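From first to last, the protein sequence lines are chains L and B.
Just so you know, my numbering puts the end of the first sequence at 114, numbered straight through with nothing missing.
Just so you know, my numbering puts the end of the second sequence at 222, numbered straight through with nothing missing.
Since the hints were derived computationally from the structure, they do not count as laboratory data.
Please note that the accuracy of each hint is not assured.
Derived, one-sided and incomplete: chain B residues facing chain L with beta-carbon distance under 10 angstroms [to be verified]: (1) Val-118; (2) Tyr-136; (3) Pro-153; (4) Gly-154; (5) Gln-178.
Keep in mind it's a predicted model, so treat the numbers as computed, not measured.
Glycine included, each C-beta is placed from N, C-alpha and C at the ideal position.
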Amino acid sequence: DAGITQSPRHKVTETGTPVTLRCHQTENHRYMYWYRQDPGHGLRLIHYSYGVKDTDKGEVSDGYSVSRSKTEDFLLTLESATSSQTSVYFCAISELGGNTGELFFGEGSRLTVL
Amino acid sequence: GQQVMQIPQYQHVQEGEDFTTYCNSSTTLSNIQWYKQRPGGHPVFLIQLVKSGEVKKQKRLTFQFGEAKKNSSLHITATQTTDVGTYFCAGILNQFYFGTGTSLTVIP
Chain L
1 DAGITQSPRH KVTETGTPVT LRCHQTENHR YMYWYRQDPG HGLRLIHYSY
51 GVKDTDKGEV SDGYSVSRSK TEDFLLTLES ATSSQTSVYF CAISELGGNT
101 GELFFGEGSR LTVL
Chain B
115 GQQVMQIPQY QHVQEGEDFT TYCNSSTTLS NIQWYKQRPG GHPVFLIQLV
165 KSGEVKKQKR LTFQFGEAKK NSSLHITATQ TTDVGTYFCA GILNQFYFGT
215 GTSLTVIP
């Protein structure tokens, strides 16, 4: 398995609190992604990064922000968590991005917002 | 926007029966990839198809990419309990567009 670590793996929080999920990779891949997975919706892209300090929005970016200050770390922040953000969040990395590269996924972070 | 539809959403089969999942894109794709996610696990890359009409096999799994590069299918022959999981297609057009997945249950 590719060297991807997500933290925390499980978190329960209350509505209105800030939450940060961390993705750490040891593969030196250029592209990093945050997806959320919900029943009936599959994997939906939140934000992605194509280099240090280079990020862009995905299809469900509202309520989320990201930062990438180092190649190996990609942070996903929920400024004020809502119950609709209860989900399983997956980080993924890719060497070549949306051309021919495959995605390697982390183990996932399960977030519950009460 | 770009959409990739995948059917069926769920499939229950008896062990030994065949299984097929289909993906359809609203636009022509560059490539298509397939991933498998075991229950409680994370998606794992299976294969990538690039050429129009391409067919690839991995043991009991057969992957096809349509002539127009807008649709794809994954066929499993003689399912086994180890095939249980959710299968996702990902259409690629400078970005990854995931289908909603097909959850496969294999009844022993």
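So, going through the hints one by one against the coordinates:
This hint holds: B:Val-118 has a C-beta 9 angstroms from the nearest C-beta of chain L, less than the 10 angstroms allowed. At its closest, the beta carbon of B:Tyr-136 sits 14 angstroms from a beta carbon of chain L; the interface hint therefore is violated under the 10 angstroms criterion. With 10 angstroms as the threshold, the beta carbon of B:Pro-153 stays out of range of chain L, its nearest partner Cβ sitting at about 12 angstroms, so the hint is violated. The beta carbon of B:Gly-154 is positioned within 10 angstroms of a beta carbon in chain L (closest approach about 9 angstroms), and the interface hint is therefore held.
Proximity of B:Gln-178 to chain L is violated relative to the hint, the smallest CB-CB distance being about 19 angstroms (cut-off 10 angstroms).
Of the hints listed earlier, those the structure fails to meet are numbers 2, 3 and 5, in rising order.
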